[in-house]
Structures are given as C-alpha cells and as structure tokens.
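Make one complex out of these two single chains by using the hints.
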Amino acid sequence: MNQVNDGTTAIPGTVGGRSSRESWWKRAIRTRYWPIVLALVLLSGYFSLTTQYFLSFNNLVTILSQVSVLGIAAVGETMVILLAGIDLSVGAVIAVAGVLSASWALNGAPVPIAMLGAVGIGLAIGVINGTFTYIWRMASFIVTLAMMSFASGMALIVTNGSTVFGFPNSFNVLGSATIGGIPVSVGILVLVFVLGHLVLRYTSFGRQVYAVGGNVSAARLSGVNVVGVGIVVFAISGGLAGLASIIEVGRLASAIPIAGQDLALSTIAAVIIGGTSLFGGVGTLPGTALGVLLIGVLNNGLAISNVSAFWDQAIQGIVIFVAVAIDAWVQRRFGARS
Amino acid sequence: MTATESAPILEAHDLGKRFGDVEVLHRVSLKIMPREIMGLVGQNGAGKSTLIKLIAGAYQPDGGNMLLHGKPVQFRDPRDALRAGIATIYQELSLCHNLTVAENIFLGHMPRNRWGVVDEERMRREADRLLEELGIPINPRESVAQLTLLERQLVEIAKAIHRNLDVLILDEPTSALSQREKSALYRIVRNLRQRASIIYISHYLEEILDLCDRVVVLRDGEVIRDGPTGGLDVRQLVHEMVASDIKEFFPKHNRVAAEVAPLLTVANLTVKADRAPVHNASLTVLPGEIVALAGLAGSGATTLARALCGLAPHTGTVAIHGAACRVANSRQGLQAGISYVTNDRKGEGLVMTLNSYDNGGLSILHLLRNMAGIITDRRVKISSEEQLRTVMFRGQAERPVAFLSGGNQQKVVFVKMAHQRLKPQVLVLNDPTRGVDIGAKRELYDLLMQMTYQGMAVVLVSTDLEEMVQLADRIYVFRDGSIVREISHGISMRELQIAIEQKEGGEAQ
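Just so you know, the protein sequences line up as chains A and B, in that order. Numbering follows the working numbering, in which position 75 of the first sequence is assigned residue number 75; successive positions increment by one, without gaps. Numbering follows the working numbering, in which position 162 of the second sequence is assigned residue number 162; successive positions increment by one, without gaps.
The following block holds chain B by itself, in its conformation from the complex (with noise of 0.2 Å):
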C-alpha cells in the first residue's frame, strides 16, 4: 500500500444535527479508508439514517465539517454528493420500473451514436459488461419491473458504480431478502470492495461482524466504538448499543390474566395471493393484550393483520367477543370495531392536502353531524382538537399535514383511527413507530399502554424486533404463511430473531 491509499477517503469532524428540540446527532467524528467496508450499527432512533443523510447530503449538519480526498466540501443535495463520488442506495428503491436494466444503469447519460440517437446497442454491451464485472446476474434488456427486490437492489448498485464514485452507503440492503438472496448479496458486497469503500447499515448483527472489516456503534447520537470487527461478538455489539437505561424506554405493561375470554378470535384465515399468502392462521388476542406478529418479510405476518383489517380478500373467521363479522373492506373493519394503522402514512395513512383536524376527523364523519346534517370546520376541530391533545401532538395543526414531521403525522394517524368516538376494540399496528423520533415514540408507547388499560386488544407487526419483544404479551411467530410458534413475554431480541430466521437458513443447506 502506498501512503496515498492509506490515507481517508472521507473524513468527518464533529458533526452535529438537531431538529427542532432534539439533538439526533452529537459532535460525531468517523473515517472512511479506502477499500474498505465499514458496518454502521445502532438501534432505531440512534441516529444512523441522520448520520449517512449528513454524508450524502441530505441534510446539513448544524455543526462540523467533511473532507473528501483531503479536501474540505460541503454538499447543497443529494446530487451534489453524487458528482463527488457519494452514492446512497435506499430502502426504499429508485429505479424507473417501465424501463430495462441497461436504460436505468445509464440514466442521464445514455450514449449516443453519431445521428445523436441513443446507441442501444453499446449501452447494452456497457452495462453487460458492467454486471458482468460485479458479478451479478441479470440481462440488461429485462424490463426492471419484471425483478425480484434482490435484483433491483443489484441494478441500483451498478448504476451507482457506474458513475465512478468512492463511497457506497447501503441502507439495510438486506431488511426485506431471503437467507439465499442475502449470501449472493455478500458476495457482491465483498467483489465492489475493489471499486469503491462501502458503508453497511444493519439490524442484522452477524452480518456486519461477517462482511465489515470495521464497525461504528452510535447511540443516542454519539459514536460508542468505532474499531476493527476482529474478535467481536454479538453479544458485546448489543450491549454497546442498548443503553444500560432501554428496559425504562418501554412503559411498564399490566400483563394480562389468560382466564379472560378472548376479545378477538381468529379461525383458519387464509389469504390466497401471489405475494406473502396466509394458510389457515388461527389466533386470539384478549382485551388488554398486546399481541405481536413476527416474522421474514414475505411471512404472511404483515398478510394477516391487513386481512383483519378488511385490506386482504380471505375465507376464515373473524370475531369479536365471539362474535364472527364479515370483513371484506376496511369500512366493514371499522364498523366491526377494528382499525387499522398503516406503515404508509404518504401513500394510505394520511390526505396530506388537508390539515390535521380534517385528517383527524376522517373515519367518524358520520358521527360529526349536527342534527340539520351539517358538518361544520368547528366541529371538526373541536372534536380532533381534544383527540391531538391527548396525543402530546406538536405541530400546526391547520396547515396540510404534509408539513409535519414524521412523529406529529403518526400522531393524527392514530387520532384518525383510534379516535374516542369511534370505539374501535381492535387496533392493528403496523410498524406504528417506523420515522418516528424517539420523544415521539415513547409518547406513541404510553397512548398505546393507555389503550389497552381500557381494555382494547392490539394486534403488533413491525420491522423492530426490540418494540415486539417489549411490549407484546404473546408473540406468534409466521414462516411461509404458517403460524410455527407462540411465544409469551420475556424472550429476547436475540431469541426472537432466531425463532424468526432459524428454519430458513436450515433448509437452504
């Protein structure tokens, strides 16, 4: 190695991000070498998606500085950060789906014949060549629609190596792929080493350990370690990121008597569909409890809740207090007395055109009326009004909801589907704290605790493990559209995470 490898690609000197009362993150400093894959670890709410926001330009830090090769820069955008060799590949996926592999790897700057007509026949050659190199599998001229999410994962990478860059940050690549799909993931991981250094942001801590040469614990905003992976366990990588003080982050939950009869009783529910199917799950939830629904995505998990809900066409039985209820669209669901929360709070949680004492008001329109069947703006906002204060709601509320931030909108969320008046005696969460900040979530947590004092049942899916085992009383486990286990309160992240992953890995060898 000379001394100009060895020197850091990108440096970060103390860098500091506040948004409104909440400092997320705090003076924190890190290296990147090159040729190197660096792992990124930290609960939700650490401040990891802040963090790689600041470096890809996202954001601006409040505080602190970056330099690149040496030199100092700052980035306006996320396309700033591109042009200096900074690329971040997403959750969520950007790719133009009606168009091929080859046309979105080249995007912006197709090549061109002499006529100035794209020259599809090099640009296929190129990107042939290009997957060929990474060592990933796909033909050029496939239609991006036609691909599995490992695939477009991979087309997302190669666009971004395609255009010459330094450092890749990926963002859970992993979350949502098969034991299969994850190893043909490493591998390729591991291969863009030689092209690029790599930042790895997981939940999965084996992987990290696996694939990172180095990894960088933050917590509540501040980098805990930052050292070689050599030597490591999961166990100390989990300590380090749960603060000794997390058991009080989750408010204490009167465990239920099971003598109680069960408030909701599902019988053989199944749900026939090409993607995430369900076979005759049964299942109950009592008043008061809090139930989680575990499992890989694709498990059914996610499949089962929206059924409950009136958001999947199923057979099988649903009822409450004994009672079975047809549940074929959500209207029916909420007239049966059970709610929905969505993960989507962009796409179906919220009409993001009005404001929050419209949006609040939404599911009991019928119950605001006055006698002449008038609605009035005043009764609407006398009656959200009170729901959002109950909520510790903090924001505009007559300004469109598009203008909140993520813990004000799951906040009128809740307020919409769990409104007083509209009774509901089921509330199916799903993944109610995802971009929620940590204030905000524990807030979200009690209104929840409060909810099931009054005797409502809850029915839990989310992506983090930790909020499951902390406040569900019951967890069934789901694999390949089965319910495989029950499991009571009092098993760890770790454990659920293996009752989860465990059989999958096993059949693959």
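Extracted from the complex, chain A is given alone in its bound form (with noise of 0.2 Å):
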C-alpha cells in the first residue's frame, strides 16, 4: 500500500485525509454493518444470559452447520442481486438436485458421479435462468418463479411426492460427517464464501458483475460481455443450490421433495440484510455472511430457548425488519456507503 499513499501518485484536490480526519465512530458508523453487527450482539448477548447452552463452541458450529445450506445458495443469489435480478429457483433447484441425485446413488449410479450430478443439474438450470433472462430479455423475477414452480414439479413427479432414501451412505458425507469436529458443511461453507469474496473482489469478472449491476449499458459501452456475465452468474447461483442439495440430503439421510420451499425467501432476506441493494451493484459477501448469521443465530436461539416454533416466523420478520430499517435510517442521516 505504500506506493498508493505516497504523496506523488495523489491526484490535486481528492481528499485523501477524508478517513483520517473523521473520529472513529464516524467511520463505524460509516462502515454500512454496523446494524447488523449490533444486532448479532444484542441477541447472542441475550440468549447467552437466557440459555446455558448458547455461548458455546459445539454451538457456534451447530449455527453454522444449520445455516451451511442457507450460506451456500446465498453467495450465489448474492451475486445474481448485485447484477440487479432475483433468483426465487435455489429452493426448487434443492429439492430436484437432491432427490434426482440421491435416486441416482439409490440405483448404483456412483457416489462421486451422483453428486457431480447434482450440481450440473444446479448449473443447467442456472443457464437456462441466465439464458432466458438475457437472451432472451424476460425478467429474472418471472424466469426464475416459472422455473421455482417447475423443478418444485418436477421434484414431485419423480419421487411420486415420497421421500428417497436406502442410497448408500456415503452419499451422506457432505452433510453429516465431521473431521476434527467441525462438520464438512461448515468447511464448504466457509470455502464458498471465501472463493466466492475473492472472485467478486480481486477478478475481472467479480468487477464486472458491479459493473453490470449498477448500469448495465455504461458497461456494454466499456466493452464487458454484459450476457455471458449474466448467464454465468445465474450458473454459479444453480450451482450453488446444487451443491447445497448435497449437504441438506446428508443432514437428513434422505432427500424429501419438498426441501427447501421457503429457503428462497430466506436467502433473499439474509442477503438484503447483509446490505446488498436490489438495484444492483451495491453490496459485499461479507455483508451477506452477517446476515445469513443473523437468521442462524435468531433461528438457533429461539429453538434452545424453548419459545414455541409458532413465534419463530413472527421474530424473525420482526428482527429482519429492525435491522433494515436502522440500515435504511443510517443511509438517510449519514449518506453511508459500502
């Protein structure tokens, strides 16, 4: 860094010192988390004086090991959001990876070759997503819903609405198995996000994607591939959501046709949280990460506190809705930007 804030390459008039002058709690303030962080530590603070069991190692993993799926499909739809779109299929695209894939292993496909299975099958629908929603100019809203209600369907009819199970088990080891006590899925967890923040930030590719979702058509005019930019974005997503189909049939030992039918939503929700603009083009992977341990965190403690599941939902709209909002109040006052 040394180079970049020695006096000679400063451009005359840019204010370098902004950061320098302001006092620290500016800055906090300034940094767009600073909600969500607040937020992760009043609750954990909470549930850890409420219950004996929250502030724990073996539970810290247990939220991380619930959220893996959740985690999973959000950098996926984390991406698909900063290029402006939606994708509402990671859901559907769980539940027909899962049972396909397990059905394959269910009659002798191999183990490896079956999960591999799932993931294209993530990435196909991912690139018909992308496809039609750039190509073809339709809106991924309505893309991806048909798509959502079609796999969901699909998942149906090849199960015949039961659930899969009796494939061999070491089909199981992406969701079940642990090495030196930390689960494989909160392994890939942190993989994905890690790679995935790398790539959206130190990649011309990653650049691109902002690019793309802040004005698509400064960045056709600057030269990017604005569709193949768009398809491989929606394919990382049903990638992803292939991949995490693999570890939600692990955690069950079974594949249910019905998995994963509000997780859409739930991404959404933890990406948004994490401070990722619907306009596009605004938003980080370490915000969706706050957010998606926000929900683990909210899900987890209610669940040990023995509040009836009935509250569950409701506190959860509840504490989304505060974090936002507080968000939305820090952009008005204080004009701060990721």
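The reader is advised that the hints may include incorrect statements.
As the list claims (entries may be wrong) - Output of the computed footprint for chain B on chain A, the stretches with three or more beta carbons under 8 Å from beta carbons of chain B:
| no. | stretch |
| --- | --- |
| 1 | 145 to 154 |
| 2 | 218 to 231 |
Stated by the list, open to error - Pulled from the structure, derived: some chain A residues nowhere near chain B, Cβ distances all over 12 Å:
| no. | residue |
| --- | --- |
| 3 | F57 |
| 4 | T62 |
| 5 | I113 |
| 6 | A177 |
| 7 | Q316 |
Keep in mind the hints are simulated off the structure, nothing from the lab. Glycine included, C-beta positions come from ideal geometry on N, C-alpha and C.
Have a look at this one:
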C-alpha cells in the first residue's frame, strides 16, 4: 500500500485525508455493517444470558452447520442481486437436484458421479435462467418464478411425492461427516464464501458483475460482455444450490421432494440484511455472511430458548425488519456507503 | 393598462451564484412584465440555465433577492416555486408516459365525483377545453407514449398552465423540432401570453427576435443587454453574446495535411431505423483530424456516430487504416480501436455506484490482471490515477461518481474511453461538453488537441454549433439520413446553421 499513499501519486484536490480526519466512531458508522453487527451482538448477548447452551463452541458450530445450506445458496443469490436480478429458483433446485442425485445413488450410480450430477443439474438450471434473462430479455423474477414452480413439480413427479432413502451412506459425507469436530458442511460453507469473495473482489469477472449491476449500458459501452456475465452468474447461483442440495440430503440421510421450499425467500432476506441493494451494483459477501449469521443465531437461539415454534417466523420477521430499518435510517442520516 | 398591470410580475436583484471557485452568475438583475415574452440568450456556460434554476427554485442564490408581485420570495425547491406560480419546462420532459394526456395534466389533483372516485369524464372534458383554448390539437384520451416530442412539450405546457401560473420558463423548446413543428409552437407560445409571462431560452436567435418582446443577453454570468427586440438583428446579438476573446477559448489546432492516408474510412453505411436512419453515408477521417457531423435532431448524424462504435446495427463498411472491421457491438468497436464518449453520462457513461478509479478502469479490465489473473484495487487505482491526473480531474476520486460535478464526471468518461492502455485510434464524441463548466470545457478541448497530436482521429457530434465550427477540420452536414455537404474549417456559426437548416425550411413552403 505504500506506493498508493506516497504523496506523488495523489491527485490534486482529492481528499485522501477524509477518513483520517474523521473520528473513529463516525468511520464506524460509515461502514455499512454496524446495524447488523449490533443486532448480532445484542441477540447473542440475550441468548447467552437466558440459556446455558448458546455460548459454547459446540453451539457455534451447530449454528454454522444449520445455516450451511442457506449460506451456500446466499453466495449465488448475492451475485444475482448484485446484477439487479433475483433468483427465486434456488430452493426448488435444492429439491430437484437432491431427489434426482439421491435416486441415482440409490440405483447404483457411483456416489461421486451422483454428487457431480446434483451440481450439474443446478448449473443447467442456472444457465437456462440466465439465458432467458439475458438473451431472451425476460425479467429474472418471472423466469426464476416459473423455474421454481417447474423444478418443484419435477421433484414431486420423479419421486411420486415420496422421500428417497436407502442410498449408500457415503452420499451423506458432505451433510453429516465431521473432521476433527468440524462438520464438512461448515468447511464447504466457509470455502464457498471465501472463494466467492475473492472472485467478486479480485477478478475481472467480479468487477464486471458490479459494473453490469450498477449500469448495464455503461458496462456494455465499456466492452463488458453483459450476456456472458449474466449467464455465468445465474449458473453459479444454480450450481451452488446444486452443491447445497447434497448437504441438505446428507443432513437427513434422505431426499425430500419438498425440501428447500421457503429457502429462496430466506436467502434473499439474508442478502438484503447484509446490505446488498436490490437495485444492483452495491453489496458484498461479508455483508451476506452477517445476514446469514443473523438468521442462524435467531433460529438457533429461539429453538434452545424453548420458544414455541409458532413464534419463530413472527420474531424473525421483526428482527429482519428492524435491522433493515436501522440500515435505511443510517443511509439517510449519514450517507453511509459500502 | 392600469398601474398594477404595468408593475413587474417578477423582479430579481443582484442574483449571484458560485459553484466552488467558479462564479457562474455575478449580480444579475432583471424584471419580467405582465404578458411579456422575454428572450434569454447567451453562449453555453454564460449562466442561462443557472439563472432559470435560481428563478425556478432548483438552486438557491448566494446573494441578491427576488420579488414576486412586489413581495420578497425565497424558494426552497421547484415545488415551492410552482406553488407561487413559476413553472419551468426543461429539455428533459417530465411526463408519465404510461398515462393519458388528461391524466398527466391533472396529475396530483384529479377531479373526484361524490363517491371519491376520479371523475374521468369531467377530467377529459376540462382537459379538452383547456387544450382547445390553448390551440393545442391533441386528444386528451391519447396515451403520452404515442405522442411526438412537440406534442409532449405542448402537454407539458398545458399541464403548467392548468396550475394558474404567472411565469412560464421554456428552456430551449425548439432544439429538437422540425421547422413546421417550430411554427406550431410559436403560435401557441404567442397565444400563451394571454395567461402568463414567458421566459424563452433559445440558441436560435432569429426565433428570439421574432417571438420575444424583449431580450436579455448573458455573458460570463453578467447581463450584457436588456432591451426590446425591435430594431435588433442577429449579428448584433451574436456580437454581444460572444466575447471578443472567444477565439482564445478554443485551443489552436494544427490542421492536417490532406495527403495523409485516411485513418477511418466509412463506405455506404446504412442504418435502417424508424427514427433517424442513415442512407449510404461515406466519409473519411485522417489521423490527427477532427471531423464534425452536423445536422438537426433526426438527421442521422448521431446515428452514424453510434453505428461506428457498434451501437446501431448497420450495413456498409467501416475500415481502420484500410482494413475493414466488424463493429456489431461496442466490444468489437473497442477491439477495432473505436471509442465512444457518450452524451448520456448517467444513462450509459458511468456506473454511478462505483468510484472514479473503478469507472476509469472498466474498459481495460483485461489489461489490469496480474499474471495470476488477479485485479486488486491498488492496480486499478494506480492505472486510473495517472490518467485522471492528465485530464486535470479535481474531485474525490474515492467516492462514487454520483457525487462528482458534471465536468469531473465527463473527465472520468474520457479517462475510461480514451485510456492510454486502451489505445483507441478513433474517438467518437457525442456532445462531449454538455453540462460542463467553462473551465473544465477548456481542459477537455486541450486534452482533445493532445490526442490529435498523437495521431488519433476524432469524430464529433455536438448540439453546440460553435464547438463544431471552432474545433473541426471538416464538417459533414447531414439531412434526412444523407450527407448533403462537406465543409472545410473556417465557416462561421451562422453559415453552418444555415447549411443545417436551409433546405428543410424551403421544402416546407
């Protein structure tokens, strides 16, 4: 960084000292994430005081493994929303890829092939979503809504509505195995987030995603292959949902055709809580990670607090609303930017 | 006339406005009398739009005051001014295209029947009557999306008149109209005098002399003339608008020797389009040469410029140094070495959510990767920073470009499209100095000169005739999609304007 900060490269008039002149708390407010971090700290504090299990290493790992499916799907969803699109089909992909790959494994396909098949189904669905959104110029909301309905239906049709089980145990590795006390699913979750973050931040492709999401025309005029970027992003979203489906199946040792039903909305909620703009071009994966954690902490905390399950959804709604409302207020009041 | 009628409706005293270090208006005073059409003229950057924005409440003055009907007023925003009876019709229209004419006119206060439901019948009846009174032949049931530009402007006027206003400001209402449409607009504007005083801004000086009772000339933020139009002619007005040192405002440009082989050759280029098509246009641009494409809106000049950059599907050949290249999209255009600097910074020039470094590097992402294919913020920053320095960028480069002034934004667009590492050979400029202050304008011109010294070919389309006259080595004049004339450097603004408009007026007779 020393090359950047030496005086010779400074542009006359640019206020390089803007950040250093500000007091630390103003800078903290300007970083977009403090409302979410605050909500996380307050909720964790509350659950730590009211339950004896919450604040333990084991429970932390449990939370992460509980949100692994949601989190992996949210990485793809973040990229789609950065493009100012939406992918409603992630939950349905988890259902159809899960039951198909599980039944392939059940019918004697080698487990690694079945697993690759799950990812392949997700990729294919993503490519279809992206193609119709970017070449056919349909609204991604409609394309993926139709895909959600179709894929959910296919999951029921191929299984005749029944759960698939009895496939080789090795198919459950990603969902239930642990290495040195850490679930494989948590390892995959972290890996996907780190890779996704590196791609968005340090590659030409990642920068193009932000440019296309911020202004499609400007990106096109700058020589960005908008259609290519769009299709790849939807393919990533579908492929990651396919990967998540293997974990979902492995956690239960069975593939349920109605798995992942409400998942699309939870992923979108996690992405938005994490500060990604529905208008595109603004947002980060660390933000999404915070959004996923918030949902995970809330679900876990409420469960071990013995709060009636009926309250879960209502309380989740309130917390999401308050977090995003505070964020909107900060945006208005302080003009905070990512 | 009674005594009250001859008192001014609106008075402005010593209005001043500065943006940063630039004083845009210096103690400007003017009066608007009842039932008067006041013309406001001045070069780009003279302060016309700043003055009307002060009057219309879009800006707040740094000094001076305004009196409306003799009472001091201060407008916090345009709605405030609208409530007081001052409306502005800007070049960018603000109608809802999905609604009907009547709905647009009544937007915000539609009549309701006793059930609290919008009384559509009454709304249409009243809209019909209003349009008829104003002499505007438009069906109020029509959807605004179906209307021509002139019709939309007229609906906009009717909407303003419907709100009982005292002062109506028309900002270059005829800049995109044909001769026949202009005549229709003049008739209606004269008619409007019965209802409101009008401030009429235009680049077309004959129009001002013909239509207005009085004309105010602004130059460098000061009132140079304020008097009746009777007895004035265009030459006098131009003389007053253009400061004597105007020649120096434009940098000296070394004219290119004609023996050089052309850098850009366009042959039989045809764009089939509903709006502004181009038929069989052929032209050449030499290295280091600036060639302007002039013509009225819809003449095809802009379409050709966009087609060169892969922004309009076309047939015919585009060749660089004699080698034909395919430019079916802007990526192919950039690969061929043709860069497009858009006139629409917000729409297609910049990604407003990104900062100046990121925007500046957007066209050369593939060159910013290191050996591992990684692009860091630092690499982008170093690459853009150097370029931003050469264009005298003065803004906060680390903040999103949405926060920059128009001049700085345009510099970022230049950096992106003319980036040294992108190595463009042909630079196509569409209104490169629109909304740019005088200082930045001069810097952009200097930059352009530097690029031509390095052998770049420049194609220029501009709404600013003076810019074309001063900068261009040659001007191709477009009419109805064809090139009708080729003019060498040295033509006057007036002559160019005649060349552009000439035939159309003749045909109309």
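Verification of the hints:
1. Proximity of the stretch 145 to 154 of chain A to chain B, defined as three or more residues with a beta carbon under 8 Å from a beta carbon of that chain, is not established by the 0 residues found.
2. For a cut-off of 8 Å, the count of residues in the stretch 218 to 231 of chain A with a CB near a CB of chain B stands at 8, and the three-residue condition holds.
3. Non-interface call for A/F57 relative to chain B: holds, since the shortest CB-CB distance, roughly 34 Å, exceeds 12 Å.
4. For A/T62, the shortest C-beta to C-beta distance to chain B comes to about 35 Å, beyond the 12 Å cut-off, and the non-interface label holds.
5. Remark: the non-interface label on A/I113 is consistent with the geometry, its nearest Cβ contact in chain B lying 30 Å away (cut-off 12 Å).
6. No Cβ of chain B approaches the Cβ of A/A177 within 12 Å, the least distance being about 32 Å, so the stated non-interface status holds.
7. For A/Q316, the shortest C-beta to C-beta distance to chain B comes to about 29 Å, beyond the 12 Å cut-off, and the non-interface label holds.
In this structure, the one hint that does not hold is number 1.
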